[in-house]
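J.: For reference, the chains in residue letters:
2 protein chains.
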Amino acid sequence: MSNRTPPVTLQAFLRDAATRVETRIQETLEQPVPNAEKLFEAMRYAALGPGKRLRPALVYACAKAFHGGDFDPAKCDVTAAALECIHAYSLVHDDLPAMDDDDLRRGRPTCHIAFDEATAILAGDALQTQAFELLLADNTEPALKLQLLQELTAASGSRGMVAGQAIDLDSVNKTLTLEQLEPMHRLKTGALICASARMGALLGGADSVQLQTITHYAQAIGLAFQVQDDILDITADTEVLGKNQGADALLNKPTYVSLLGVNGAREKLQGLHKQALDALATLPGDTSLLQALADYIVQRSH
Amino acid sequence: MSNRTPPVTLQAFLRDAATRVETRIQETLEQPVPNAEKLFEAMRYAALGPGKRLRPALVYACAKAFHGGDFDPAKCDVTAAALECIHAYSLVHDDLPAMDDDDLRRGRPTCHIAFDEATAILAGDALQTQAFELLLADNTEPALKLQLLQELTAASGSRGMVAGQAIDLDSVNKTLTLEQLEPMHRLKTGALICASARMGALLGGADSVQLQTITHYAQAIGLAFQVQDDILDITADTEVLGKNQGADALLNKPTYVSLLGVNGAREKLQGLHKQALDALATLPGDTSLLQALADYIVQRSH
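Listed in order, the protein sequences are those of chains A and B. Counting from 1, one number per residue, gives the positions in the first sequence under our numbering. Counting from 1001, one number per residue, gives the positions in the second sequence under our numbering.
What the hints contain is simulated information worked out from the structure, not anything from laboratory work. Be aware that one or more of the hints could be misleading.
[As the list claims (entries may be wrong)] Below, simulated SDA-like cross-link-like pairs (lysine to any residue); rule was C-alpha separation at most 20 Å, straight line:
| no. | chain 1 | residue 1 | chain 2 | residue 2 |
| --- | --- | --- | --- | --- |
| 1 | B | 1253 | B | 1179 |
| 2 | B | 1038 | A | 98 |
| 3 | B | 1274 | B | 1292 |
| 4 | B | 1038 | A | 176 |
| 5 | A | 253 | B | 1116 |
| 6 | A | 52 | A | 291 |
| 7 | A | 38 | A | 114 |
| 8 | A | 174 | B | 1035 |
| 9 | A | 38 | B | 1180 |
| 10 | B | 1038 | A | 175 |
| 11 | B | 1038 | A | 173 |
| 12 | B | 1253 | A | 35 |
| 13 | B | 1038 | A | 183 |
| 14 | A | 38 | B | 1170 |
| 15 | A | 38 | B | 1174 |
| 16 | A | 253 | B | 1117 |
| 17 | A | 38 | B | 1099 |
| 18 | A | 38 | B | 1186 |
Please build the complete structure, drawing on both the sequences and the hints.
T.: Put into structure tokens, the structure is as follows:
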């Protein structure tokens, strides 16, 4: 339990990444369209509420690892903000009554509770578009910009995140095997986490072999994140978790814990952690932040 | 009434545009992700159901007008498909119970009735991403591709279509003036219609002055489309209309008819028609298709 708090250097890095990305999103959502103030307020509520900003952190950490010491984090701000907008949109829509019907997220009422269902649907829709607008408006050179856009659309659309959510919804009250659960999570949360690492790596100038390695790292920590989520869903308090404890179990959704038991899930988590570190070991440069991120993901308490 | 059917040349053109865009969308949505077949079926249902394909038609017609005789429509297929995906996503979400709560669209059950609400939300989400994926995967040269993406995101996001829908939802049971109704429609439906014309013009090689002129044309027909919608909502049968007659009046939404009366709305429609034709008159090249489209929009019966 003493390992739960990330080391200070990682904490400082996470705080800095969060501040950078929040500032960028805040700027984007200033000056709402007249008479659409509520829409913009809901977008800000969803994208700027408390959160780990894991995807932005991955962008900065990967870019830094590949680029080296003189790396300017400002080059990553827009990519990080775009990923957080996609993530925020997916949470707003996932929480809707017709989907997971959650009323609590990150310790606060979910968007459709704080506003209303129609506004939450529209805020999610607009946050998705905002992600692509952000990337388009950035002053990245065109070929890299198009690559980043391709990574983001592929990870978030009908062959990525949304497919994962569709499969997840369909799995309620079904008996899934481990072999069926894993592809769902690889799409639902893994795809965007992979895209975050890959987009960061692209910004840092990674070559195609390095891009493949960082994908293995990100796939492992993406799945580890989900396994730890399932463990926390059973073992942590609602207060610590910031969402309703046991929510997935209540929905009768298959989880790593329901399939493997808590101890089996913890073993799985350690295996994924090792996979992530093994991938990093083959990379040149300073990957200490990426190692610390992997440690944090398997040790986090919420 | 005898004017209601578009002239044969326009009919053939509209049919060809519809076939082209439907083929392109069909190709994109083939081979669903395993276990996400329902999501893909809902996406196809929403994007390939009966429809006027007005936005695709505008793309082809504008590109042809600016490019001239030897124009290859294949160059427009992806842009047309992307616009139709955005349009389809907006209809699926607008029809949801928390939004306009419509159960009939284009003569068929709406997406959330034919499938379920969660699937409809996800299909809409994925159709939005699909639009950007389509444009990204096209073999347009990078600078033009980025311009097209910028047009589409700006028209569809929180400063375009979604803002319009947010203002529209907020206007239920409110007394709006004509000066408040118009900006809402310019965003809700006008922005995407303008983008269709502008993206077609860009594909046809229009210069910046011509782009401005085609914007004026598109703004006029976009608003005319809405005015005619309001007139038809009051005067046409549900059967002809393909959606519930009087639906907007029932929701107590302000319309051009409620503000101007049927005759006043018809006068407004004629004024917008003239504005559209006046804009075309200043353009070089063969704008006969664009004229016929403007005629069709003010004369259509559904």
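J.: Between residue 1253(B) and residue 1179(B), does the CA-CA distance stay at or below 20 Å?
T.: Since the Cα atoms of residue 1253(B) and residue 1179(B) sit roughly 15 Å apart, the hinted pair holds (cutoff 20 Å).
J.: Would you mind confirming whether the straight-line C-alpha gap from residue 1038(B) to residue 98(A) stays at or under 20 Å?
T.: Distance of about 16 Å is within 20 Å: holds.
J.: Can the restraint linking residue 1038(B) and residue 183(A) be considered satisfied, given a maximum Cα separation of 20 Å?
T.: 17 Å, holds
J.: What's the verdict on residue 174(A) and residue 1035(B), does the C-alpha distance respect the 20 Å limit or exceed it?
T.: Given that 20 Å is the threshold and the Cα spacing comes to 13 Å, the pair holds.
J.: Going straight from one Cα to the other, do residue 1038(B) and residue 176(A) come out at no more than 20 Å?
T.: Given pair residue 1038(B), residue 176(A) holds - Cα atoms ~18 Å apart, limit 20 Å.
J.: Verify the proposed pairing of residue 38(A) with residue 1099(B), using a straight-line Cα cut of 20 Å.
T.: Holds - the C-alpha atoms of residue 1099(B) and residue 38(A) are around 15 Å apart, at most 20 Å.
J.: Keeping to a limit of 20 Å between CA atoms, is the pair of residue 253(A) and residue 1116(B) held or broken?
T.: 19 Å, holds
J.: For a C-alpha distance cap of 20 Å, please report whether residue 1038(B) and residue 173(A) respect it.
T.: Distance of about 17 Å is within 20 Å: holds.
J.: With the threshold set at 20 Å, check whether the alpha-carbon distance from residue 253(A) to residue 1117(B) stays at or below it.
T.: 19 Å, holds
J.: Next pair to validate is residue 1274(B) with residue 1292(B); report whether the Cα-Cα distance is within 20 Å.
T.: 13 Å, holds
J.: Within a Cα-Cα threshold of 20 Å, do residue 38(A) and residue 1180(B) meet the stated pairing?
T.: 17 Å, holds
J.: For the pair we were handed, residue 38(A) and residue 1174(B), check the Cα-Cα distance against 20 Å.
T.: Given that 20 Å is the threshold and the Cα spacing comes to 16 Å, the pair holds.
Taken one by one, the earlier hints all hold for this structure without exception.
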